[in-house]
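Visitor: Here is what each chain is made of, one letter per residue.
4 protein chains.
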Amino acid sequence: MTCRVAIIGAGGYTGVELLRLLCRHPGVEITCVTSLEDLGKEITRVFPSLPKRLASLRLENLDVSKVVEAADLIFTALPHKAVMDIAPQFIAAGRKVIDLSADFRLKDVAVYERWYSRHSAPDLVKEAVYGLPELYREQIRSARLLANPGCYPTSAILALTPLLRNHLVDVKSIVIDSKSGTSGAGRALKTGSLFCEVNEGVKAYGVGTHRHIPEIEQVLSDQAGEPLTVCFTPHLMPVNRGILSTSYARLLKPCSSAELHELFAAFYRDEPFVRVLPEGELPNVSAVRGGNFCDIGVVSETRTGRAIIVSAIDNLVKGAAGQAVQNMNIMEGFEEDQALQVVPLFP
Amino acid sequence: MTCRVAIIGAGGYTGVELLRLLCRHPGVEITCVTSLEDLGKEITRVFPSLPKRLASLRLENLDVSKVVEAADLIFTALPHKAVMDIAPQFIAAGRKVIDLSADFRLKDVAVYERWYSRHSAPDLVKEAVYGLPELYREQIRSARLLANPGCYPTSAILALTPLLRNHLVDVKSIVIDSKSGTSGAGRALKTGSLFCEVNEGVKAYGVGTHRHIPEIEQVLSDQAGEPLTVCFTPHLMPVNRGILSTSYARLLKPCSSAELHELFAAFYRDEPFVRVLPEGELPNVSAVRGGNFCDIGVVSETRTGRAIIVSAIDNLVKGAAGQAVQNMNIMEGFEEDQALQVVPLFP
Amino acid sequence: MTCRVAIIGAGGYTGVELLRLLCRHPGVEITCVTSLEDLGKEITRVFPSLPKRLASLRLENLDVSKVVEAADLIFTALPHKAVMDIAPQFIAAGRKVIDLSADFRLKDVAVYERWYSRHSAPDLVKEAVYGLPELYREQIRSARLLANPGCYPTSAILALTPLLRNHLVDVKSIVIDSKSGTSGAGRALKTGSLFCEVNEGVKAYGVGTHRHIPEIEQVLSDQAGEPLTVCFTPHLMPVNRGILSTSYARLLKPCSSAELHELFAAFYRDEPFVRVLPEGELPNVSAVRGGNFCDIGVVSETRTGRAIIVSAIDNLVKGAAGQAVQNMNIMEGFEEDQALQVVPLFP
Amino acid sequence: MTCRVAIIGAGGYTGVELLRLLCRHPGVEITCVTSLEDLGKEITRVFPSLPKRLASLRLENLDVSKVVEAADLIFTALPHKAVMDIAPQFIAAGRKVIDLSADFRLKDVAVYERWYSRHSAPDLVKEAVYGLPELYREQIRSARLLANPGCYPTSAILALTPLLRNHLVDVKSIVIDSKSGTSGAGRALKTGSLFCEVNEGVKAYGVGTHRHIPEIEQVLSDQAGEPLTVCFTPHLMPVNRGILSTSYARLLKPCSSAELHELFAAFYRDEPFVRVLPEGELPNVSAVRGGNFCDIGVVSETRTGRAIIVSAIDNLVKGAAGQAVQNMNIMEGFEEDQALQVVPLFP
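Chains as they are written, first to last, in numbering that gives the first Met the number 0: chain F, 0 to 346; chain Y, 0 to 346; chain E, 0 to 346; chain P, 0 to 346.
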């Protein structure tokens, strides 16, 4: 049976990425795409990369009752704050929601309100499931409201969880230095996102203040079994897609690169979308471009007693739309890799 | 029944692109990949973008008898000159060959020898079929030796053929100004292909001397029904993939943009991989990245009496590996778009 | 004696480029910088590339009387339409104006109004001098109102003038295919200027309708001694800076590459900023990045009887700010290359 | 009096950068440029960005006695190992040497031999002066053999020295995460330096093994007054120029961002080439492109008790050729910023 889906916020980069993946999904029919701009325009004119057979889809204004009627499952690809007001209506109407914003990721409303703003649907926060399949697959199966993880958190959590689960590192020593492609900043008009500002530039931003910090800390604390904080610094890179996170943690006792590698390889052995690279190799975002993979390389630096884990994802795929489709597949009982077998594009 | 294929020259950009596409083809088994370098190395180590299930493929030295034994159809992704010596052996052994080099594209051996070098298999030249499906689909069906078109020629020929078939333009007036991504230069080590030499640069090269000139002229002359020459200038762009060709020709009589658009839309109506854009819109290589499409925009510039046709392809897909797979599909009786439904990756 | 200068519209890319060049000019004092945004902000905070000693300059709102008081010469780096209303006031107050917009480039007000919009200062149009020093140096010396040439026109006019002055080509055959870096689109917020839209993309735009067409035609007609039209197509490239123009024209009689080269070398022998490359070499925008040069390569394509001239400039330097400073130097009696000896930055 | 200089290894990116800067130096005459390739070729043909007046310089084979005759001061821009054999001859002949390789940076020959290879001139190592003017200006004045610092070390040492001199941080907690442009890999032919391999990619390399580690540790230990180790990870970015280093260290006692800023501003108050940015602002490599600056931004992250220092340099200028010229200026008694007043190029 076909799952009818709607995409709220289809005019952005996450929106077009959902369309790219979902239009090849044999179990899905895309019935509704909404946006604030380009209303009435065929989606194939807005994004000429999309195949002609999607031409009948036109961008619509968001009308909750129409969406509820048209779709069984709704992807919300909006900025935070915008989703908390509409998700309750979709849920109340019996629809499933996969939210790509930050509104339902933090379980502690007080934390959400400290880092973001007031929350208008605190009750729903409780039942939302954090959609990182490698860690929470069982809960995802029965989710009605799924909080799709942030891009930086996905890369950092997959890199550090095997160390924390096994209590190998000092939880006070974690430094995560992340480098992101520019699509992570979205399609909104900002001087800092202009080609000439980004191209040939490299910079850090949001040092100590980025809103993905509490998300990373929440999940890693859960995995470690104790509260922890992380020092996280995002950087902007002149590439369209990709996040490379270099995570540093002090080892509690000596552990060779070979041992670390064995640990990671075993931890992710059955995961279809985590590729632990051969020992001695390190990932490059160019090898995951367009694919739903998280590639991981591990090094034990014995001189300073640190584990250095390098992880690479495509921020729009495993960091957003691909992971959302993976979650949908789990929630709807499809094969987990349905529509996600796309081979990364290199070069 | 499964078609067993070999890729000769799998270590280059065309090689990895063939692997990306063919590994998703339900009717194909890749049995052999050869290279001059990285011998014995798993192909997934050479190209970590490829899926793990290809890990059993290792790069081998070229051994003609082993290839003949392993494969029913052979893709030769080598530089020109290298193929003319081995293709006859494959053909003699009853194998089909899809040659991505220039060795069998030019029907007149004298022309080949003037632009390239001496030809060692002139007899085979006669039976080779030029593999542009939009123009020569019937001949392709029964080809044993298929000459896969060059990247620049594909973009230029698809842009100009509707005008020439309908005798709308002065055949002496054709100027083709093409802009190519750097993967067109291949993976060989050349100072001019280094990142710092290409990035932030734009240049013309091979003005009046590029070897794709006789190929374009051969096919366009055939389509026009009269011999013609073209003024063709290639340029190098700092993008990985893509060719944008801007073709200029003087109209023999006035013809509006709307009329030109109607002509092109009708000409390519049933073609799965040529997308004539809505009137007034122009293509961007970013909308065909990773896909097998040729996007075309048309303008009639009444001030100077010229038709200006802008065409965009991904040089590695419709300009090389994708077109080769399309030709294989036709030759083997598969659906023509099998393994080619990949949606272009934007952004 | 020091020339006090003001920059109207200092918050854009042309503005920062004027500041980069002028702050090293020993005969100039920058006294006033205006903008619509970032009012009151130190220019070194807006553009941290600028040296600390400019920190006392703060962006101000445009106040004509204050500018007149502060400056002897005024650079107007605003969009077209904005200058025609203020330039008359500056001129009336006895100040010199170097206008980097299009408002005073077209001598025929009717042509301006057809391609742009109504003109509010038609009388001043007559006295404005078109500031291409290589062609109009004498008139520039005594200019009060200088119309600084457009970026595309500079590259195309310098490429074609030697051919037209010598009546070597068919004036009906001219095709100019130009490729521009993205800084040419300015610093305004447009979706099409976002990094992810431009990066890895190549496209044509404004085919047959770009406003630089009448400017090119006006100057080339003047140089040819007869009215002519050109077929001009601009393209957008993913580089910050640079225009490469490939100009095609049919030769009226055979002329070898060597002869063409000799002609160009002689024509520009005494020009400090035009570099005719050795025969057989073609320019790259990467060799003029940050410098005030126009590099030119020439080819005679005997097969099709065409001259192909490739010219490269930095659109922000010889195509805008650098040429403006060159014009100021001529108008003020400074050495023509004062502050323009900057060596291009490669790589 | 003019200082005659030679550049050994002028065909690489550091070579052309030395030429760009030195050709504008009023006290310098470039008399000799050597290379292994392009022998006899005019330097302006190898690097068409350079001004025509350098055309009389042709690349020569290295002939020590000719160099000694031609030059008073010699820049060696060769890979490590190549310099240790020739520098002694230049010094013995009474010439000064500024070595841009790693051969004379490490004071402990055993350390050099552990990280690099056997050293053939251990005696000269003792007298070589490490050329970071901000820390060792006095020693530089009288140097005969100057070891120009590595690019990564320059960015990291300038970032961390104010903290270490003041004993503000735990010396065991230092993590340096650096991102470099591709010119840092030089102009040698390597697959990993090809445009299509670097573009749209981001990767770490040399984790725990990069040869700049002992250099950073040597200088920081000297500044801290106690031996220390650092965890240093370099990354490759798709930009031509620039290093951004993000340095993390645990504060021994609380210290606000404002206090850190005050400390750094005071420390570098009189330095012409270190720009401590206003509090709250962070550097971007695009603001130092082509200039000799090190821009520094500081943050105290109170949540995790760490100082985060972000520093940006152009790896070819402050990280190589610019610093070499700065050292020459100090050694020769020129103004320290002579030929280095170049304003960075943005955008």
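It cannot be assumed that every hint is accurate.
Since copy identity is lost for identical chains, a pair holds within one copy or between any two.
Restricting the straight-line Cα-Cα distance to at most 20 angstroms, the calculated cross-link-like pairs of lysine-lysine (PhoX-like) are [unchecked claim]:
id: 1; residue 1: 171; residue 2: 106
id: 2; residue 1: 51; residue 2: 125
id: 3; residue 1: 51; residue 2: 40
id: 4; residue 1: 252; residue 2: 171
id: 5; residue 1: 40; residue 2: 189
id: 6; residue 1: 189; residue 2: 125
id: 7; residue 1: 95; residue 2: 51
id: 8; residue 1: 106; residue 2: 252
id: 9; residue 1: 80; residue 2: 106
id: 10; residue 1: 106; residue 2: 40
Bear in mind the hints are in silico, worked out from the structure with no lab data behind them.
Visitor: Against this structure, judge whether each hint is valid.
Guide: Results for each hint:
1. 171 x 106: neither (22 angstroms within a copy, 35 angstroms between copies)
2. 51 x 125: Intra 41 angstroms, inter 38 angstroms, cutoff 20 angstroms: neither.
3. 51 x 40: within (14 angstroms within a copy, 40 angstroms between copies)
4. 252 x 171: both (15 angstroms within a copy, 16 angstroms between copies)
5. 40 x 189: between (24 angstroms within a copy, 19 angstroms between copies)
6. 189 x 125: Cα proximity of residue 189 and residue 125: none, with 34 angstroms in one copy and 40 angstroms across.
7. 95 x 51: Neither. Shortest intra-copy (28 angstroms) and inter-copy (33 angstroms) distances fail the 20 angstroms Cα cut-off.
8. 106 x 252: Neither: 33 angstroms inside a copy, 32 angstroms across copies.
9. 80 x 106: within (15 angstroms within a copy, 54 angstroms between copies)
10. 106 x 40: neither (38 angstroms within a copy, 41 angstroms between copies)
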